[in-house]
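Read off the chains here:
There are 2 protein chains.
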Amino acid sequence: MSSSVLLYDTTLRDGAQRQGISFSVADKLRITKLLADFGIDYIEGGWPSSNPKDAEYFRRARELDLGATIVCAFGATRRMNNSADHDAQLIGLLEAQTPVVTIVGKASRLHVEQILRASKQDNLRAIEDSVRLLKREGREVVFDAEHFFDGFAEDGEYALACLQAAESAGADWLVLCDTNGGSLPETIFTVIEAVTRKVKTAIGIHAHNDCELAVANSLAAVRAGARQIQGTINGIGERCGNANLVSLLPNLALKMRQAVRAAEKLQELTQVSRQVSEIANLAPNNFAAYVGHNAFAHKGGLHAAAVQRMTASYEHIDPALVGNGREILVSELAGRGNIRLRAEQLGLDIGEAEQIVTNEIKQAEARGLSLEAADGSFELIVRRQAPNYRPPFSVRDLMVQSLRRTGEHQKSLATAKVQVDGVETLTAAEANGPVAAIDLALRQALNPFYPCIEDIRLSDYKVRILDPEQATAATTRVWIEATVGEQSWCTVGCSENIIEASAEALLASLELFILRLQEKGANYGRINAA
Amino acid sequence: MSSSVLLYDTTLRDGAQRQGISFSVADKLRITKLLADFGIDYIEGGWPSSNPKDAEYFRRARELDLGATIVCAFGATRRMNNSADHDAQLIGLLEAQTPVVTIVGKASRLHVEQILRASKQDNLRAIEDSVRLLKREGREVVFDAEHFFDGFAEDGEYALACLQAAESAGADWLVLCDTNGGSLPETIFTVIEAVTRKVKTAIGIHAHNDCELAVANSLAAVRAGARQIQGTINGIGERCGNANLVSLLPNLALKMRQAVRAAEKLQELTQVSRQVSEIANLAPNNFAAYVGHNAFAHKGGLHAAAVQRMTASYEHIDPALVGNGREILVSELAGRGNIRLRAEQLGLDIGEAEQIVTNEIKQAEARGLSLEAADGSFELIVRRQAPNYRPPFSVRDLMVQSLRRTGEHQKSLATAKVQVDGVETLTAAEANGPVAAIDLALRQALNPFYPCIEDIRLSDYKVRILDPEQATAATTRVWIEATVGEQSWCTVGCSENIIEASAEALLASLELFILRLQEKGANYGRINAA
Chain R
1 MSSSVLLYDT
11 TLRDGAQRQG
21 ISFSVADKLR
31 ITKLLADFGI
41 DYIEGGWPSS
51 NPKDAEYFRR
61 ARELDLGATI
71 VCAFGATRRM
81 NNSADHDAQL
91 IGLLEAQTPV
101 VTIVGKASRL
111 HVEQILRASK
121 QDNLRAIEDS
131 VRLLKREGRE
141 VVFDAEHFFD
151 GFAEDGEYAL
161 ACLQAAESAG
171 ADWLVLCDTN
181 GGSLPETIFT
191 VIEAVTRKVK
201 TAIGIHAHND
211 CELAVANSLA
221 AVRAGARQIQ
231 GTINGIGERC
241 GNANLVSLLP
251 NLALKMRQAV
261 RAAEKLQELT
271 QVSRQVSEIA
281 NLAPNNFAAY
291 VGHNAFAHKG
301 GLHAAAVQRM
311 TASYEHIDPA
321 LVGNGREILV
331 SELAGRGNIR
341 LRAEQLGLDI
351 GEAEQIVTNE
361 IKQAEARGLS
371 LEAADGSFEL
381 IVRRQAPNYR
391 PPFSVRDLMV
401 QSLRRTGEHQ
411 KSLATAKVQV
421 DGVETLTAAE
431 ANGPVAAIDL
441 ALRQALNPFY
451 PCIEDIRLSD
461 YKVRILDPEQ
471 ATAATTRVWI
481 EATVGEQSWC
491 TVGCSENIIE
501 ASAEALLASL
511 ELFILRLQEK
521 GANYGRINAA
Chain D
1 MSSSVLLYDT
11 TLRDGAQRQG
21 ISFSVADKLR
31 ITKLLADFGI
41 DYIEGGWPSS
51 NPKDAEYFRR
61 ARELDLGATI
71 VCAFGATRRM
81 NNSADHDAQL
91 IGLLEAQTPV
101 VTIVGKASRL
111 HVEQILRASK
121 QDNLRAIEDS
131 VRLLKREGRE
141 VVFDAEHFFD
151 GFAEDGEYAL
161 ACLQAAESAG
171 ADWLVLCDTN
181 GGSLPETIFT
191 VIEAVTRKVK
201 TAIGIHAHND
211 CELAVANSLA
221 AVRAGARQIQ
231 GTINGIGERC
241 GNANLVSLLP
251 NLALKMRQAV
261 RAAEKLQELT
271 QVSRQVSEIA
281 NLAPNNFAAY
291 VGHNAFAHKG
301 GLHAAAVQRM
311 TASYEHIDPA
321 LVGNGREILV
331 SELAGRGNIR
341 LRAEQLGLDI
351 GEAEQIVTNE
361 IKQAEARGLS
371 LEAADGSFEL
381 IVRRQAPNYR
391 PPFSVRDLMV
401 QSLRRTGEHQ
411 KSLATAKVQV
421 DGVETLTAAE
431 ANGPVAAIDL
441 ALRQALNPFY
451 PCIEDIRLSD
461 YKVRILDPEQ
471 ATAATTRVWI
481 EATVGEQSWC
491 TVGCSENIIE
501 ASAEALLASL
511 ELFILRLQEK
521 GANYGRINAA
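Chains as they are written, first to last, in the UniProt record's numbering: chain R, 1 to 530; chain D, 1 to 530.
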């Protein structure tokens, strides 16, 4: 397949500019392999002369099998007072030994005169020399024209002269950068149309999301004739981020019928997005276009019923095309059909208990439990209706004291009386907060019977006040995520008393884990005992 | 100023469809007042006949002073087999007594035939009848044409006939909905251009973000002649969300030079966005266009230095225009000038204490206190540095026990040892939750000295987990609003222990109230003693 648009990923360079991101060399290599397997055309790996980590990355990236995907080194045009041959930064770019080198240069007169404090002519010479050196060394050269759109508005003739300088030196790509992210799609479109009448070299677009328009701006560029899109996975990047390749790819492939190489593996899109989030240590965006957990969720009773009647009518694409799934949210609006469907999605047989389960769910929701975001609590309700259900434990008493004496930090002390198989255990534990103390006391009590619960890690905890105008008498909803290895599940609790709500979520979490093991016929020993 | 584009907010209806959102009536009223003060033209309040909460909202919203802003009730066209006069749902819409009613009706032949299982003609009659009834009752009528763009692609003639049915019955607005969010900007543009040649009624756009194009689609609609944009604050909504009014407003006002009423208060944009996040109990998006904490942050050394040299060169707009700030915001308050300004806004003289107050604020913010949304805690820090400051009370010990025995609800018992003017009092109180118990015990102890505190009503209470991945060991921020008559103030507390965080906010709230009375030289008697 011959591509009409090439995707150029800069997650590892511009994406890493996002506050809070710091990729190790191993992270960068994992992302490189992932994106190459996915079929991204170019991967910008970093700025080799900027730090030793990037230099190491380029050395090790050469050893990877990346198929048709090309790793690019990123840098800038030579310094104003250097010759290209003696510019340490350009030499660093060559030493990265990538087949493609991308260099950024100024395309705005204002920036040349006021930031670089150079003459317009000097900047043109720097562009030309730098591109020529890289071409002489056999590289494919991408010229990133920084601040192109702002520069074009200030002084269109000079902005074009910068592109022509790169073109005359043999640049393979002229990438027009909306560096500050302030342009509108119609500006991008008309400027690129004008540019294509003045240069012959293939055009690319590099957009930022400062107006929440980076995806639209990139698509407008393609309509105007651009053949390369620079962006990042999940749109991460400086300030508000870069153009999001995860949205762009299906928009190009499914909506605009453009030929893009990665479209052949479009059904891996959701997985790629989530894996990059994982490596970057970012929580995935549940509301992301195409790949978010909620991108194909249906909440309103009206819609949920209609979705089942005629799937295509309430979805803009089949979620399977991008490797995502349909999510039917259980909620007070949901009918019985949805509950059976949801149970089946979780691999549970609801059997004869449909009416009872439906009633239990309605009661739970009326109490404020909100099961739509708590698969674990939903599953527990279903499992408790199974004919062979036997509660794995019962909590008789649960007490927690929080004490602050002058000048001291508050401490919490919890005691739990728990019955398992007729045996009653009383335990006590202390922690900084009351919920942590309860958690410890419960685990102590359960541990002799179910050592496996030591493996459970509480990985997330959320508190929501349902009727805040009731102030301290308000109902509190607590949401807990628990994790063991790859497995994770969410449970909720609800009460006027935040301690009780937390305990409910915690107990549900522990019980579900034990019931799941029971079903598998597993023993209760630790999975990863030290 | 005559507006060229009107903003129609549906945060309270379509926004509330986002998974995890559940607004109380008090939340909805606060958002309504906030958006009206900001200058949003229309506020869609809810679906009156869908639940009693929404009916109560409309009753109470009528009592608010909303200036030129209009609250709209949302519903649907009549059922196929009803007459409009006897349709319970339409009657519910009229009973909401809003000057504007918005009704959604099908505009896709496929949906009419396969979801409604009705004839094309029946649907047209339902649209016409419903609009006519509402017009007869004197309402401004907004007709939301559901699935319009998909419907137009399937059968353009029928989609237009649906609009014409609404127009012939006197609809004031025809809003074209991209219900599934799958359309591209150029489709939106060309379809609206075609529509405006066939109908005379003003056009609106309702876009969803399933392709990460909702903002661009709304702008394309405006370029094609649409005069109303429906969207939500921060783009919250079902699936991937609705068009984000927070991005649209500055794009319209600053980039497209459109006349929009809310643009007069554009510098409040960041605050409005954050307050709605706070009420919805959502962490604000740091990377949001225009209003994110990072929207004008500069990380790369190159950029940061250049920004200082020539501000405009690396920012697409001046962040002050939208009430945002430059740099990575540790706090809005961080600079000293700002602290003096803020204190003056609150009518406080900071005197010689500027440096001490600045340090106190930095320490508080570093602990996670977030004084931006807690004027009361800020004021308390300032007041504590006044030369004549004397603590009105000091809490020696504070203890709370929460106990659940089998089959009983959890009860909390608090004891407080408080010193006022050298006199120590020990009190105990019981309540459903631990924070309510502490509140009662403290009031009992303080009441003999400051009877006025009986007048304080805690009117709002919010809990946010700052580092949820730390689970039950996470830091908790508690935010409390207290009210006496017309006066209300907000304080925060922060700790790993939710009880301690709540107590901190509560104590700050009580102390501030007493200090304010002291300043006025008022006695501490009750204001509205029964």
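Think of the hints as simulated: they come from the structure by calculation, not from any bench. Treat the hints with caution; some may be incorrect.
No copy labels: a pair is met if it fits in one copy or bridges any two.
Unchecked claim - With a straight-line cut-off of 25 Å between C-alpha atoms, the simulated DSS-like cross-links for lysine-lysine are:
hint, residue 1, residue 2
1, LYS462, LYS411
2, LYS120, LYS198
3, LYS33, LYS520
4, LYS520, LYS53
5, LYS53, LYS362
6, LYS462, LYS33
7, LYS200, LYS135
8, LYS265, LYS135
9, LYS265, LYS255
10, LYS265, LYS200
11, LYS520, LYS198
12, LYS411, LYS53
13, LYS362, LYS198
14, LYS362, LYS520
(request) With 25 Å as the alpha-carbon cut-off, assign the pair LYS520 and LYS53 to within, between, both or neither. (result) Close neither inside one copy (41 Å) nor across copies (45 Å); limit 25 Å.
(message) When Cα atoms must be at most 25 Å apart, do LYS520 and LYS198 count as within-copy, between-copy, both, or neither?
(response) Neither way: LYS520 and LYS198 sit 67 Å apart in one copy and 65 Å across, limit 25 Å.
(message) As a check of your reading, is LYS120 near LYS198 (CA-CA no more than 25 Å) within one copy, between copies, both or neither?
(response) For LYS120 and LYS198, only the intra-copy Cα distance (19 Å) is at most 25 Å; the inter-copy one is 52 Å.
(message) I want to check one pair: LYS362 and LYS198. Are their C-alpha atoms no more than 25 Å apart within a copy, between two copies, both, or neither?
(response) neither (61 Å within a copy, 48 Å between copies)
(message) Regarding LYS33 and LYS520, is the shortest C-alpha distance of 25 Å or less found within a copy, between copies, in both, or in neither?
(response) neither (30 Å within a copy, 55 Å between copies)
(request) Using 25 Å as the alpha carbon limit, work out where LYS265 and LYS255 are close: within a copy, between copies, both or neither. (result) Close inside one copy (16 Å), not across copies (38 Å); limit 25 Å.
(request) Classify it for me, LYS462 with LYS411: is the Cα-Cα distance of at most 25 Å met within a copy, between copies, both or neither? (result) both (21 Å within a copy, 22 Å between copies)
(message) Checking an output row: LYS362 and LYS520, CA cutoff 25 Å. Within, between, both or neither?
(response) neither (29 Å within a copy, 53 Å between copies)
(request) Have a look at LYS200 and LYS135 and pick one of within, between, both or neither, based on CA distance no larger than 25 Å. (result) Classified as within; 17 Å inside a copy, 59 Å across copies.
(request) Classify it for me, LYS462 with LYS33: is the Cα-Cα distance of at most 25 Å met within a copy, between copies, both or neither? (result) Answer is within; shortest intra-copy Cα gap is 19 Å, inter-copy 28 Å.
(request) Using 25 Å as the alpha carbon limit, work out where LYS265 and LYS135 are close: within a copy, between copies, both or neither. (result) For LYS265 and LYS135, the Cα distance exceeds 25 Å both inside one copy (33 Å) and across copies (53 Å).
(message) As a check of your reading, is LYS265 near LYS200 (CA-CA no more than 25 Å) within one copy, between copies, both or neither?
(response) The answer is neither: 32 Å in one copy and 46 Å across copies each exceed 25 Å.
Hint compliance for this structure: hints 3, 4, 8, 10, 11, 12, 13, 14 are not met, and every other hint is.
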